[in-house]
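Count along the sequence shown from 1, then add 2; that gives the number in this note's numbering.
Don't read these hints as lab results, they were simulated from the structure.
Since the structure is predicted, the reported quantities are computational estimates derived from the model, not experimental observations.
From the three backbone atoms N, C-alpha and C, an ideal C-beta is built for every residue, glycine too.
Some clues are possibly wrong.
Unchecked claim - Computed beta-carbon distance windows for the label pairs: (1) Lys-95 to Ala-209: 15 to 25 Å; (2) Thr-147 to Asp-189: 18 to 28 Å; (3) Lys-13 to Asn-173: 15 to 25 Å; (4) Asn-173 to Asp-28: 10 to 20 Å; (5) Glu-62 to Leu-169: 33 to 43 Å.
Unchecked claim - Simulated pairs of lysine-lysine, DSSO-like, Cα-Cα distance not exceeding 27 Å: (6) Lys-192 to Lys-162; (7) Lys-181 to Lys-213; (8) Lys-208 to Lys-219; (9) Lys-207 to Lys-117.
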Amino acid sequence: MKTYAVIGLGKFGFHIAKGLAEQGMDIIAIDNDPHKIQLISDHIEDALILDSTDIKALQEAGVVGLDTVIISIGENIEASILTLMALKELDNKTIIAKAITLTHGEILARLGAFKVIYPERESAKKLVENLVGNVVIDQIDFSSTIKIAKFTVTKSLMGKMVQEIELMFENEIHLIACKTRDNWTFDVDKTYKVRENDMLSFIGKKAFIEKLRNLTKEES
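Sequences are here, hints too, so could you generate the full structure?
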């Protein structure tokens, strides 16, 4: 089984790590804040308090030669950059890094990040793309089998509970965030009934994400 590491357990990192764990993936969750580690430890066994800029600490934690590492460090741009440099030195293959500013993102890209994402900025910007139709508006490949994708709610999903939608796809996809009336929510109750124009962000196996994508395309 492939091992993923998620470094930085704010809201974005927490729900990425939790979502991957729900897919049965082997996860190493890292943060320097004991409280955040305590929260994620309810979902992930291998949750570690350490300084991600410390190459030796990462090496001892097993963050070496991994298929995918997600850097989700908050406002500390220096720590984000130094973490990326450490991960590259330890031969980690695919590194996806969260950026705070465009300059920050450009630096991460030049240093070898496979993909740079701007979660807060993109979530607002992508709303405009709903005008094109109810289709996938953003997606991130974590590996050859796992993907995150955002969708707007279509007729066949409207009024269904989150748990019903997940069951439609054999529980091989999991909702990690929902946007309603311009507000993103990460802790979405499984009994929540999705509404028209809600935006849903799922993590799951590519084959099942594609099935959901095809369903929304047919109804757009």
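Evaluated hints:
About 22 Å separates the C-beta atoms of Lys-95 and Ala-209, a value consistent with the hinted range of 15 to 25 Å. Thr-147 and Asp-189 have their C-beta atoms about 26 Å apart, which keeps the hinted 18 to 28 Å range intact. At about 24 Å, the beta-carbon gap between Lys-13 and Asn-173 stays in the expected band of 15 to 25 Å. Judged by the Cβ atoms, the range 10 to 20 Å given for Asn-173 and Asp-28 holds: they are separated by roughly 19 Å.
At about 41 Å, the CB distance of Glu-62 to Leu-169 agrees with the hint of 33 to 43 Å. Simply put, Lys-192 and Lys-162 have alpha-carbon atoms about 10 Å apart, close enough for the 27 Å limit, and the pair holds. Proximity of Lys-181 to Lys-213 is assessed by CA-CA distance (about 21 Å); at most 27 Å being required, the pair is judged to hold. As the CA atoms of Lys-208 and Lys-219 are separated by approximately 16 Å, the hinted pair is consistent with the 27 Å bound.
For the proposed pair Lys-207 and Lys-117, the alpha carbon gap of about 19 Å is at most 27 Å, so the pair holds.
In summary, this structure violates none of the numbered hints.
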